[in-house]
Every structure is written in C-alpha cells, then in structure tokens.
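Participant: What follows is the residue order along each chain.
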Amino acid sequence: MGEYIIEMLNITKIFPGIVANDNITLKLKKGEIHALLGENGAGKSTLMSILFGLYQPDSGEIRKNGKVVQINNPNDANDLGIGMVHQHFKLVDIFTVLENIILGVEPNRMGFIQKEEARKKVVELSEKYGLKVDPDAYVEDITVGMQQRVEILKMLYRDNEILIFDEPTAVLTPQEIRELLQIMKGFAKEGKSILFISHKLNEIMEVADRCTVLRKGKCIGTVNVKDTTKEELSRMMVGRDISFKVDKKERKPGDVVLSVKNLNVVSKTHGKNLVKDVSFDVRAGEIVCLAGIDGNGQREIVNAITGLEKPTSGTIILCGHDITKASIRERSIRGISHIPEDRHKHGLVLDYKLEENLVLQRYWQREFQNRGFIKFDSVRKYAEKLIDKFDIRSGQGPITITRSMSGGNQQKAIIAREIDKDHELLIAVQPTRGLDVGAIEYIHKQLISRRDAGKAVLLVSLELDEVMDISDRILVIYEGEIVGELDPKTTTVEELGLYMSGAKRDNVKEINDGREE
Amino acid sequence: MEGKNNIYNDNKFNIRNMMNKGILSSFFSALVAVFLGLIIGFFVMLIALPANALIGFRHIIVGGLNRIGDVFYYATPILMTGLSVGFANKMGLFNIGASGQYTMGMYFALYVAFMWDLPDSIHWIVACLAGFVGGMIWGAIPGIFKAFLNVNEVITSIMFNYIGMYLVDMLIQGNSAMYVSDKTRTQYIPAEVQMPSLGIPNSNVNLGIILAILIGILLYIVLQKTIFGYELKATGFNRFASEYAGMKGKRNIIITMAIAGGLSGLGGAFGILAPSGIAGSSMTYEPINIIAPAGFNGIAVALLGNSHPIGIIFSAIFISYIQRGGTLASLAGYKPEIIDIVIAVIIYFSAFANIMNTAILGFIVRHFGKGRKSGNTLANDDIKEAE
Ligand SMILES: Nc1ncnc2c1ncn2[C@@H]1O[C@H](COP(=O)(O)OP(=O)(O)O)[C@@H](O)[C@H]1O
Ligand SMILES: [Mg+2]
Numbered sequence: 000m001g002e003y004i005i006e007m008l009n010i011t012k013i014f015p016g017i018v019a020n021d022n023i024t025l026k027l028k029k030g031e032i033h034a035l036l037g038e039n040g041a042g043k044s045t046l047m048s049i050l051f052g053l054y055q056p057d058s059g060e061i062r063k064n065g066k067v068v069q070i071n072n073p074n075d076a077n078d079l080g081i082g083m084v085h086q087h088f089k090l091v092d093i094f095t096v097l098e099n100i101i102l103g104v105e106p107n108r109m110g111f112i113q114k115e116e117a118r119k120k121v122v123e124l125s126e127k128y129g130l131k132v133d134p135d136a137y138v139e140d141i142t143v144g145m146q147q148r149v150e151i152l153k154m155l156y157r158d159n160e161i162l163i164f165d166e167p168t169a170v171l172t173p174q175e176i177r178e179l180l181q182i183m184k185g186f187a188k189e190g191k192s193i194l195f196i197s198h199k200l201n202e203i204m205e206v207a208d209r210c211t212v213l214r215k216g217k218c219i220g221t222v223n224v225k226d227t228t229k230e231e232l233s234r235m236m237v238g239r240d241i242s243f244k245v246d247k248k249e250r251k252p253g254d255v256v257l258s259v260k261n262l263n264v265v266s267k268t269h270g271k272n273l274v275k276d277v278s279f280d281v282r283a284g285e286i287v288c289l290a291g292i293d294g295n296g297q298r299e300i301v302n303a304i305t306g307l308e309k310p311t312s313g314t315i316i317l318c319g320h321d322i323t324k325a326s327i328r329e330r331s332i333r334g335i336s337h338i339p340e341d342r343h344k345h346g347l348v349l350d351y352k353l354e355e356n357l358v359l360q361r362y363w364q365r366e367f368q369n370r371g372f373i374k375f376d377s378v379r380k381y382a383e384k385l386i387d388k389f390d391i392r393s394g395q396g397p398i399t400i401t402r403s404m405s406g407g408n409q410q411k412a413i414i415a416r417e418i419d420k421d422h423e424l425l426i427a428v429q430p431t432r433g434l435d436v437g438a439i440e441y442i443h444k445q446l447i448s449r450r451d452a453g454k455a456v457l458l459v460s461l462e463l464d465e466v467m468d469i470s471d472r473i474l475v476i477y478e479g480e481i482v483g484e485l486d487p488k489t490t491t492v493e494e495l496g497l498y499m500s501g502a503k504r505d506n507v508k509e510i511n512d513g514r515e516e
Numbered sequence: 000m001e002g003k004n005n006i007y008n009d010n011k012f013n014i015r016n017m018m019n020k021g022i023l024s025s026f027f028s029a030l031v032a033v034f035l036g037l038i039i040g041f042f043v044m045l046i047a048l049p050a051n052a053l054i055g056f057r058h059i060i061v062g063g064l065n066r067i068g069d070v071f072y073y074a075t076p077i078l079m080t081g082l083s084v085g086f087a088n089k090m091g092l093f094n095i096g097a098s099g100q101y102t103m104g105m106y107f108a109l110y111v112a113f114m115w116d117l118p119d120s121i122h123w124i125v126a127c128l129a130g131f132v133g134g135m136i137w138g139a140i141p142g143i144f145k146a147f148l149n150v151n152e153v154i155t156s157i158m159f160n161y162i163g164m165y166l167v168d169m170l171i172q173g174n175s176a177m178y179v180s181d182k183t184r185t186q187y188i189p190a191e192v193q194m195p196s197l198g199i200p201n202s203n204v205n206l207g208i209i210l211a212i213l214i215g216i217l218l219y220i221v222l223q224k225t226i227f228g229y230e231l232k233a234t235g236f237n238r239f240a241s242e243y244a245g246m247k248g249k250r251n252i253i254i255t256m257a258i259a260g261g262l263s264g265l266g267g268a269f270g271i272l273a274p275s276g277i278a279g280s281s282m283t284y285e286p287i288n289i290i291a292p293a294g295f296n297g298i299a300v301a302l303l304g305n306s307h308p309i310g311i312i313f314s315a316i317f318i319s320y321i322q323r324g325g326t327l328a329s330l331a332g333y334k335p336e337i338i339d340i341v342i343a344v345i346i347y348f349s350a351f352a353n354i355m356n357t358a359i360l361g362f363i364v365r366h367f368g369k370g371r372k373s374g375n376t377l378a379n380d381d382i383k384e385a386e
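Protein sequence lines correspond, in order, to chains A and B. Note that numbering that gives the first Met the number 0 numbers the first sequence so that position 397 is 396, with each residue one more than the last. Note that numbering that gives the first Met the number 0 numbers the second sequence so that position 254 is 253, with each residue one more than the last.
Excised from the complex, chain A in its bound form (with noise of 0.2 Å):
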C-alpha cells in the first residue's frame, strides 16, 4: 500500500435522468500528473466535483493514503490538501487578485486581515513557480490567463498537494497553454499530484504519465501515457476510430449570397476602428473561414452582418437584397442563421427546455402557432425529430432543462436548430470551442454538408487546424483589416500564422478592387 495517494474507488452519482459516473474507480498515485479524458458529458468534472466535495456519491468511497475519507464540502477536501481549478473560475470580480487568493483563509489577528502577510506569502509563490500575477489588480479587468494563474495560487497559498485541473487549456492561447504545462510538471517534479481534465489528445501525451479514460459516465479504463497512442487514446474515449482528417469533395461555388462592401465599425468606447474597410464576398457552396487572434474584429463584422450591432458605414447585401439596416427577424427570414460565438450569452435561454430552444428561430412560424397560441403539440414532435436526426444528448429528452445539458449536446442543440432551419447562409463562430474531439468531428461533418447542400458557410475561427481543414478560402484579418487571402491548399499553417500575427501582409486594396470589379 501507500502507492496510491488519492483512491476514488466505485463512484457512482445518478442526476435526475441520467447516470453521470457509473461505478467509476480512478487512483492517483503520488507526484504522477494523472489525465482524466472523456468527451463532453462523459462526467469527468461531477467526478472531480466529488472528490473536490461539491457533489456526495451516492454509492462508493474516496480513501487518502488508503484511509477511507468523507468529504462533505470543499473545505473537507481543502483539509484533505485537495484543491480544484474549476473550468469556469469562481473568482469574486470586484475583488483584487490578493483579496481573492486568501478568501475564507484571511490571516488574521484579533479579526483583521493581515494583508501583508498574505501579500508575502502569494508574491513568494508567484516567484518560486513563475505564476505571473499583479496582486492588487481587480480580478474583473485581468486576462483569462492570468485569472487561471490566480486559481492556481490559490491552490498553493492553502498548500494543497493534490491539484485537480478541470480543461484549464480550454480558454488560453497557445503560448499560455505551453507555460501551463511547463508548471504543471513543476509541480509533479516537487511530489505535488496532479489531476488533470482534457480532450486534447497532443497536451495528455506531453505531460500526462497516465490517463484514465471515460465514456457517458463508465470508466473505460487507465494507461500508461508511454505505452499509448492518440489515436488509442480517441478510440477509447469516443468508442470507434476517429478521422483527424477532414473528408471534402472539390466543389465548384455557386452564386454571390453574401457580400459585404466598405464595412467600418468604429468602437463606441474609444472612437478607434475596430472594423476597417472591409470588404468580401460568400459564395453558395463554399465555406470561408475569417481567420484571425480573437479580438481583431471579427466580432464586430459577424455582428454587423446578423444584426446585432448596426455597422458606421458600408453595405451587406444578402442573395441581393440590400440588409444592412433589416431586423435580425428579417435577416432570419431571408437566410441568414448563426451559430453564436458565445453560446450560453446568446444561443440559448439556459432556463428554457430543450425543446423551447429548438424553437426559438421558428416559434413564431405558423408550424407552431396558432393565433398567437403556441401548438405545443407540433414543438414536441419537431424537438424529437431534431434531438434524434442530430443526437442530442440529455437527461429528460425534450423537456431537460438546457442549463443541465453538457456543452457539447448545448452546442448540438444550436446546430440542430440552425441548420434545419431554412438559410443561404450559415454563420459559424467558433462552433467546436471547449469541445471534445468526437464532437468536433460531427460540427465539422455539419459544416461541410452544408457547403456540399449548396449553402454558403462563413466560419470564425481561432484554431489554425480547423481553419486549414475545412475551408475553401481563407480570409486573414489584423486589427479589423483583412490582410491576406490564402488557399489552403497551398498555404501552410506558420505562413497563415504570420498573417495572423500582423508580421506579414498583402496589398489590401488590390483584393478589394480586384473583387469589386
């Protein structure tokens, strides 16, 4: 005995509906960085959660260092020395990074806080691991990256030595995601125990020494990282083989459906252009990627094309209709459907069911109306036949509460709902974000049958694979200009990344007048 530092050994936990972990057993042993895969869903994080005390099993044990523990709440587990990065950070906003890392284990004497104390204590193992961090900045106005940082302190600065990680890369840039690692075999090297949540195969074969494996809520099994491979790996968290490449036919485009003229957007905050001349156009049957480092404008010109923000000046003409200043109603009606970037802000009303945000494109249409009544009838049917033609997983089937639906099947659920509503073209915003492989390869399928339906397809993306997959034309954009336009088929991932980074740029003018002509 003693090998195993962490033993969570038959878990069960049952949520209204569905089976979240069943009968799942997975040891850590000390100073090993443990990866725990699985696609959405698939229950890694409730796992995490009851080793972490949010949630009780309701069959099963936890022992540490083969002693049977019970822990009730996060406090039990920080007293166990287990601490937890969770994949949506419980900061407090209006509190700075220090104020942040100490609540609710404030040093103090007599009752007041003795910051500096604290302050010495957090600056020393920002130092001593190279965690970055401005103490007295407001956690509300620092980066995502450094956010993560303070969780990570936070962890440390209560001395825990069983670090559970739930997909920390999901919202980092490449650069940080490298730099996270790096501290994550740090802390392995120091004796720490690392669990560590992921779906990306190519970060559990740089750090992990072994990875547990689960699929919809069973434990599939756990290997040695060494003796594995990522394609053993994805069939064993996806339950068949996975293709990494992508499947497309040559396609000859169609028609213009979306084209847009001279588009600026200047920022209402600081008076800058943010959108600079822009000027492109979609074609039936083909999908364009705008390609770019979040933030550079592409928000903007998805917003400007959809509706939800009126553009400074320029034209959008959509299957020839000028639309530049419809109603999102009328942009929906004649044939725009988007796929948001942010799905929770605005693809769905979480407290909605499932089957009220299948309709929410359609809900007005005479399908489902009546007068005004809504036919409750025909909503459930079309629910059922979009939750089963796109397999969209969840507890209760069409009247689960969205809110409880894994990301991956809240994501289904959008794509469902615009895809099988009638549309020229599909707007797609960073449609595989935060998502498992299995997933990503249906959006990507999806995405490509409509180019193949004759659809146009403008996608937004962040993720050079995806962008040099499955695009037919790429759309470079630096600070809200667009700077190149590359073939994929001939352009390679570090020229596209140059364009991207602002070091490289074609003569924009020329594009635009060579397309205007």
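Rather than coming from a laboratory, the hints here were simulated on the basis of the structure. Idealized CB from N, CA, C, for every residue including glycine. Hints may contain errors.
[Said to hold, decoys possible] Simulated coverage check for chain A against chain B, where a stretch passes if three residues somewhere in it have a Cβ under 8 Å from a Cβ of chain B: (1) 315-328; (2) 347-353; (3) 362-374.
[What the hints assert, rightly or not] Think about it this way: if two alpha-carbon atoms lie no more than 20 Å apart in a straight line, the pair counts; the simulated EDC-like pairs of lysine to aspartate or glutamate are: (4) Lys224/B / Glu366/A; (5) Lys344/A / Glu242/B; (6) Lys248/A / Asp464/A; (7) Lys309/A / Glu242/B; (8) Lys131/A / Glu175/A; (9) Lys324/A / Glu242/B; (10) Lys63/A / Glu2/A; (11) Lys26/A / Glu2/A; (12) Lys247/B / Glu329/A; (13) Lys488/A / Asp505/A; (14) Lys420/A / Glu242/B; (15) Lys224/B / Asp350/A; (16) Lys271/A / Glu478/A; (17) Lys119/A / Asp133/A; (18) Lys199/A / Asp468/A; (19) Lys225/A / Glu31/A; (20) Lys188/A / Asp158/A; (21) Lys380/A / Glu366/A; (22) Lys503/A / Asp293/A; (23) Lys352/A / Glu242/B; (24) Lys89/A / Asp135/A; (25) Lys247/B / Glu308/A; (26) Lys199/A / Asp464/A; (27) Lys63/A / Glu160/A; (28) Lys224/B / Asp376/A; (29) Lys309/A / Glu329/A; (30) Lys260/A / Asp280/A; (31) Lys267/A / Asp140/A; (32) Lys249/B / Glu329/A; (33) Lys131/A / Asp92/A; (34) Lys232/B / Asp350/A; (35) Lys249/B / Glu308/A; (36) Lys260/A / Glu308/A; (37) Lys28/A / Glu205/A; (38) Lys444/A / Asp387/A.
Please build the complex by placing chain B with the ligands on the supplied structure of chain A, with the hints as guidance.
Facilitator: Chain B with the ligands in isolation, oriented as in the chain A frame:
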C-alpha cells in the same frame, strides 16, 4: 418512439425530481416560509404581551375564517397589484410603480363615474376599463424610457409614484363635481356605478375578486401558452438570446409595462368602485398626499407567489386572510403594527424560501441516501479494479 420516451417518463413520478424543479418546489417553499413566519410572529407576540399571546395568535390564525367575505374583499386590490408586479417580473422588470398606476387607475375610474353620463348597465364597466387605461399609461411611460433611453424602470417608476399621486390629488381637488372640500374627500359615487356586490352579509366583497381571479388565470394562459408569453419569459431569462432570436425587445418592454400598469390601474378601479354596505354612501378617495400602500403590498404578494399568476392568487388571499385575523388580534390588546411585523417576516422568509427549500431537501436526501449508500458499497465490493 415509445421505448425512447421511457427514459424520461420514469422521472415523472420521482418526488425528489419534482421537488428540485417546478411548481411543487415553489409551493413547498412558500409553505415553509409561511410556517416559519408564523412561528416567529408568535414569538414577537410573546415578547410584546406574553399573557395574551395564545389568544392573539389564535385570532391571527383562525380569525379570518369569521370574515371570509372581507378576506376576499381586501384581497382584490393587492391581487391586482401583485399580478402587475409579478407579470413585469417575468420579463425581468421590477415594477415598483404599482402604487402610482393604482392611483392613476382609480382617478380614471372616478372621472368616468362622475363626469360621463352613461347607461347604468355599462357605467361601472366603462369606469373599470378607464381605470385599466389610466394604469396602462402610467406603466407604459417608464417602459418607454427603459426601451428607448435605457433608463432603469425602478427609478422612473418610483418617480411616477409621486408624480401620479400629486397629479391625482391636484386634479381631484380642482374638480368640484368630484371633490367635497370641507370633508377633504371625493363625493359619494352613485350606486349604479359601484361594482355589483356578491351579496355576502356584512361585507363589501364584490364582483372585483372574481374578475381579478379570472384575470390571474388569463395571465397564466398568456404566459404559458402564447407566443407573447414565450417571448416575454425568454427576454426575462436572457435578454441577449431574445435579441439574437429577433424578438422585438423594446416593443415587448413597453407592452409588458403597459399591461402591468393596466393591471394595477384596474386594481385601483376595483378598489374605488367597490360597493358600500351603507346605503347612500360609497368608497371615497382622500387627496392627502399619501402613496397608495396597495402598490407596495403587491410587491410582497408577488414575491410570496413567486411571480406565478396562480401562486399570486393564493398569496393575495393568504395575506389578506392574515391581515383580517390581525385586526382581530387587537381585541386581545395587540397593536396593528404587530401583525405588520408578522407579515413582514413571512415575506422576508419567502425571499429565502428557495435556499431553505434546498437545505431541507438536502437534509432529507442525505439521511435517506446514507442507508442506500452503504448497501450499494457492499454490493459493489467485488467489482474488479480498473487497472
Ligand atoms: N447538477 C447537475 N444536474 C443534472 N445533471 C447534471 C448536473 N451536472 C452534470 N450533469 C449531467 O451529467 C453528465 C456529466 O456531466 P459533466 O460531469 O459535467 O461532464 P464532463 O465534465 O465530462 O463534460 C452530463 O450529461 C450533464 O448534463
Ligand atoms: Mg466538464
């Protein structure tokens, strides 16, 4: 199809599941709130006047039974303002202006009662409709400010409470056909314009309560079954998603506030047009610069009813019931303020009701779960390790 449905049909009869979400849970939490409120109310009485606490408390609990007619009579206006606040709340708007809308509705109703010459059979109906319109205008204005200028409706509607009250007082005082200046009150409303009584002896209860309940049911249908209700709730839950789906947010804000205002206005009309038990007299309004309390009571009613129209019907009746009992408690030597405290406590607890609900459920489930847990562990003991 049938087989697939089974997965979720099983859950229909799972009490725990029903408790977690939906009607049962809000009903349960309201009951817990009421219960705790009553207990603490009892302690308040015990402290205030220990000797009479039991008698006084008995009055509060069962006193209302002797005055069922009055319970419904006093429930009418707060039911309307409660529906008003609750309806706006479904869209994420806080209609704190129910008082001003109530006063406006009352004025419009009075105006029609005194100034318009109409056949007896429809006079009170037109007066009620006028009340609805008056409240509607007073609700729509903050709605317009919110929709077009993004001014918080809480601020405008508080201001409109004052503007409405002073305006109505001024208009009434300046109108000799309506106002008796030496008695500082309005004239008696002719009996033909008063609402038809329900004929319960010693009570002014009238058709208003029936109409109010019907309106509550109507609102329920609008919220649950119509496109408008779907849009309204979607906007209340997530404004961004409703915009993304092309719903006309601005229009809906104005309509919702107008309807909410209209409901309060109707409450004002029901209040002032209620029949009087004494022949030849009527309800009157005294323009003495006081904001109508019915509006604020409506907030409490909506809160206790969880903004659900049917819940609001019950909570209005309940609060009225407790208040009737409370007036009787004064027979045992208690001041009316005591009963206000009891009601305040109930409201206070209802705000925490959901938390308490989860805490209590958690307690039950944990105890229940413990037994099951050990059983399962035993059964699973022989399952082989994953490695
Ligand atoms: N609090 C909850 N209530 C009901 N169902 C839940 C809850 N949390 C998670 N689930 C469900 O349990 C399953 C597993 O979820 P989760 O552990 O978050 O998956 P993962 O982290 O692997 O993506 C999903 O189907 C999800 O919808
Ligand atoms: Mg998760």
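Participant: If a hint holds in the structure, say so; if it does not, say that too.
Facilitator: Against the structure, the hints come out as follows:
| no. | hint | in the structure |
| --- | --- | --- |
| 1 | 315-328 | holds (count 3) |
| 2 | 347-353 | holds (count 5) |
| 3 | 362-374 | holds (count 6) |
| 4 | Lys224/B / Glu366/A | 15 Å, holds |
| 5 | Lys344/A / Glu242/B | 11 Å, holds |
| 6 | Lys248/A / Asp464/A | 18 Å, holds |
| 7 | Lys309/A / Glu242/B | 14 Å, holds |
| 8 | Lys131/A / Glu175/A | 11 Å, holds |
| 9 | Lys324/A / Glu242/B | 16 Å, holds |
| 10 | Lys63/A / Glu2/A | 11 Å, holds |
| 11 | Lys26/A / Glu2/A | 9 Å, holds |
| 12 | Lys247/B / Glu329/A | 12 Å, holds |
| 13 | Lys488/A / Asp505/A | 18 Å, holds |
| 14 | Lys420/A / Glu242/B | 18 Å, holds |
| 15 | Lys224/B / Asp350/A | 17 Å, holds |
| 16 | Lys271/A / Glu478/A | 11 Å, holds |
| 17 | Lys119/A / Asp133/A | 13 Å, holds |
| 18 | Lys199/A / Asp468/A | 17 Å, holds |
| 19 | Lys225/A / Glu31/A | 13 Å, holds |
| 20 | Lys188/A / Asp158/A | 16 Å, holds |
| 21 | Lys380/A / Glu366/A | 11 Å, holds |
| 22 | Lys503/A / Asp293/A | 18 Å, holds |
| 23 | Lys352/A / Glu242/B | 18 Å, holds |
| 24 | Lys89/A / Asp135/A | 18 Å, holds |
| 25 | Lys247/B / Glu308/A | 14 Å, holds |
| 26 | Lys199/A / Asp464/A | 13 Å, holds |
| 27 | Lys63/A / Glu160/A | 12 Å, holds |
| 28 | Lys224/B / Asp376/A | 12 Å, holds |
| 29 | Lys309/A / Glu329/A | 15 Å, holds |
| 30 | Lys260/A / Asp280/A | 9 Å, holds |
| 31 | Lys267/A / Asp140/A | 19 Å, holds |
| 32 | Lys249/B / Glu329/A | 16 Å, holds |
| 33 | Lys131/A / Asp92/A | 18 Å, holds |
| 34 | Lys232/B / Asp350/A | 10 Å, holds |
| 35 | Lys249/B / Glu308/A | 15 Å, holds |
| 36 | Lys260/A / Glu308/A | 16 Å, holds |
| 37 | Lys28/A / Glu205/A | 18 Å, holds |
| 38 | Lys444/A / Asp387/A | 17 Å, holds |
Comparing the model with each earlier hint shows no violations; every hint is respected.
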